[in-house]
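Both chains are sitting in their own frames, so use the hints and assemble them into the complex.
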Amino acid sequence: KAGVTQTPRYLIKTRGQQVTLSCSPISGHRSVSWYQQTPGQGLQFLFEYFSETQRNKGNFPGRFSGRQFSNSRSEMNVSTLELGDSALYLCASSLQTGLGVNSPLHFGNGTRLTVT
Amino acid sequence: AQSVTQLDSHVSVSEGTPVLLRCNYSSSYSPSLFWYVQHPNKGLQLLLKYTSAATLVKGINGFEAEFKKSETSFHLTKPSAHMSDAAEYFCVVSDQVSSASKIIFGSGTRLSIRP
Numbered sequence: 001k002a003g004v005t006q007t008p009r010y011l012i013k014t015r016g017q018q019v020t021l022s023c024s025p026i027s028g029h030r031s032v033s034w035y036q037q038t039p040g041q042g043l044q045f046l047f048e049y050f051s052e053t054q055r056n057k058g059n060f061p062g063r064f065s066g067r068q069f070s071n072s073r074s075e076m077n078v079s080t081l082e083l084g085d086s087a088l089y090l091c092a093s094s095l096q097t098g099l100g101v102n103s104p105l106h107f108g109n110g111t112r113l114t115v116t
Numbered sequence: 001a002q003s004v005t006q007l008d009s010h011v012s013v014s015e016g017t018p019v020l021l022r023c024n025y026s027s028s029y030s031p032s033l034f035w036y037v038q039h040p041n042k043g044l045q046l047l048l049k050y051t052s053a054a055t056l057v058k059g060i061n062g063f064e065a066e067f068k069k070s071e072t073s074f075h076l077t078k079p080s081a082h083m084s085d086a087a088e089y090f091c092v093v094s095d096q097v098s099s100a101s102k103i104i105f106g107s108g109t110r111l112s113i114r115p
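Chains as they are written, first to last, in our numbering: chain Y, 1 to 116; chain S, 1 to 115.
Keep in mind that the hints were calculated from the coordinates and are not lab data. Each hint should be verified, as a subset may be incorrect.
[Unchecked claim] Some chain Y residues well away from chain S (every beta-carbon gap over 10 Å; in silico): (1) Arg15; (2) Ile26; (3) Ser51; (4) Phe69; (5) Asn71; (6) Glu75; (7) Glu82; (8) Asp85; (9) Leu113.
[Unchecked claim] Footprint (simulated), chain Y over chain S, 3 or more residues, beta carbon under 8 Å: (10) 39 to 45; (11) 82 to 91.
Glycine included, C-beta positions come from ideal geometry on N, C-alpha and C.
Just chain S, same shape as in the assembly (with noise of 0.2 Å):
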């Protein structure tokens, strides 16, 4: 069965410090990682995905994310947080066995950033 799990419901941080949002999760396969943005009034956006080529993957923004199997997770960071960045984060898992597919969504990291 897949789950995710954000561990922050909420994350501030003064801008130009560093962003960490963490991300645990569980699958019965190997899944597919992402994580989505969004910002206030406005649809997902796709930062990155994780599809088993390299555990560190780099996505738009300057953000990344490091896939670990042993410790099932996979954490978004970015070194220097801008004001732009504030908006909610979604970690989600997706995986496709045979012909059907499943998508799980985290609870989402609300991130604020003080100027």
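Extracted from the complex, chain Y is given alone in its bound form (with noise of 0.2 Å):
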């Protein structure tokens, strides 16, 4: 079975602008959420979609923003780019919602985003 697929691996963009990440669930698995790790603030978490629907959500402002479509495939957009949004942005597949509690949470390797 194949795991947890981020795409792209790495990303450079400037300043003001936007970008999109992919993440590819495991097969059958309908929930998705997203994290961002950097050196200063750690683990964070964004946000959860489950069968298309947020289920859960971090404390991150307004620029960062998601969505799932129907075969549980996730995007994450981040608006305006700013210095500090440098990161790994990493994913994360489930069977069940609940960011962990009710089924395991299976991490993707991560896109690496360096804001210049």
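In structure tokens form, the structure reads like this:
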């Protein structure tokens, strides 16, 4: 069974631009959650989608948004990029919603975004 | 409110010696507690999960963790370290109240293994 796939692996953008990251979950998984990892703030939860609906949301500004398609693939968009958005963005898929409580989270290898 | 504190940012042990990574937590509800491992340039991998069924939880690769409610601790141990254990380890707390879920990550402990 294929694991969680995140594309692209690396991305370089300029301040003010926008970016879209993609996450393909494990086949059969309906939950996709997104996380930001930085040296300063560590790992922080962004949001979770389940069956195309946002179920849970972290404390990030509205510039960070996401969506989920009918095949469970998810995209995350960041608009008006800031230098502080440079980070490793991880997604995780799971059979059920609940951020690991009800079924295990399976993480992708991440997209490393650099904002210059 | 939830919080997770990993007491050591870096732990170094010799190969073949025991590993202890410390974690204290705080939660208003009955949380689920996890340990995840992250190797360089990789995502997180679940080591083990506590959900109140048993206080001693066995995970993959010989790791164990003991839930101590009185001490609000969930320390990760392994009897004998292997070179392949060198990685970053995260203690995580997650809970679900009604239909809302929260997840909080500890700041991580980097484990180094000396030959």
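inquiry  = At 10 Å, judged by beta carbons, does Y:Asn71 keep clear of chain S as stated?
reply    = 21 Å, holds
Non-interface claim for Y:Arg15, where every Cβ of chain S lies beyond 10 Å = 25 Å, holds
(Q) Just want to verify: Y:Asp85 was marked as not at the interface with chain S; is every Cβ pair farther apart than 10 Å? (A) Per Cβ check, Y:Asp85 is outside 10 Å of chain S; nearest 18 Å; holds.
**OP:** Say whether it holds or is violated: Y:Ser51 keeps its Cβ farther than 10 Å from all Cβ of chain S.
**Re:** 13 Å, holds
When you look at the beta carbon of Y:Phe69, is every beta carbon of chain S farther off than 10 Å? 21 Å, holds
Exercise for the section: Confirm or reject the statement that Y:Glu75 sits farther than 10 Å, beta carbon to beta carbon, from all of chain S. Expected result: Label holds. Min Cβ-Cβ 18 Å, cutoff 10 Å.
Worksheet entry | 10 Å cut-off, C-beta based - Y:Leu113 kept clear of every residue in chain S | 14 Å, holds
Q.
Minimum C-beta separation from Y:Ile26 to chain S exceeding 10 Å: can you confirm that?
A. Given a closest Cβ separation of 12 Å, the condition holds.
_Beyond 10 Å from each Cβ of chain S, as asserted for Y:Glu82_ = 22 Å, holds
Checklist entry - Counting residues of the segment 39 to 45 of chain S that have a beta-carbon nearer than 8 Å to any beta-carbon of chain Y, does the count reach 3? => result Answer holds; 5 residues pass the 8 Å Cβ test.
Are three or more residues of the segment 82 to 91 of chain S within 8 Å, CB to CB, of chain Y?
The restraint on the segment 82 to 91 of chain S is violated, since only 1 of its residues have a Cβ under 8 Å from chain Y and three are required.
Checked against the numbered hints listed earlier, the structure breaks hint 11 alone; every other hint is satisfied.
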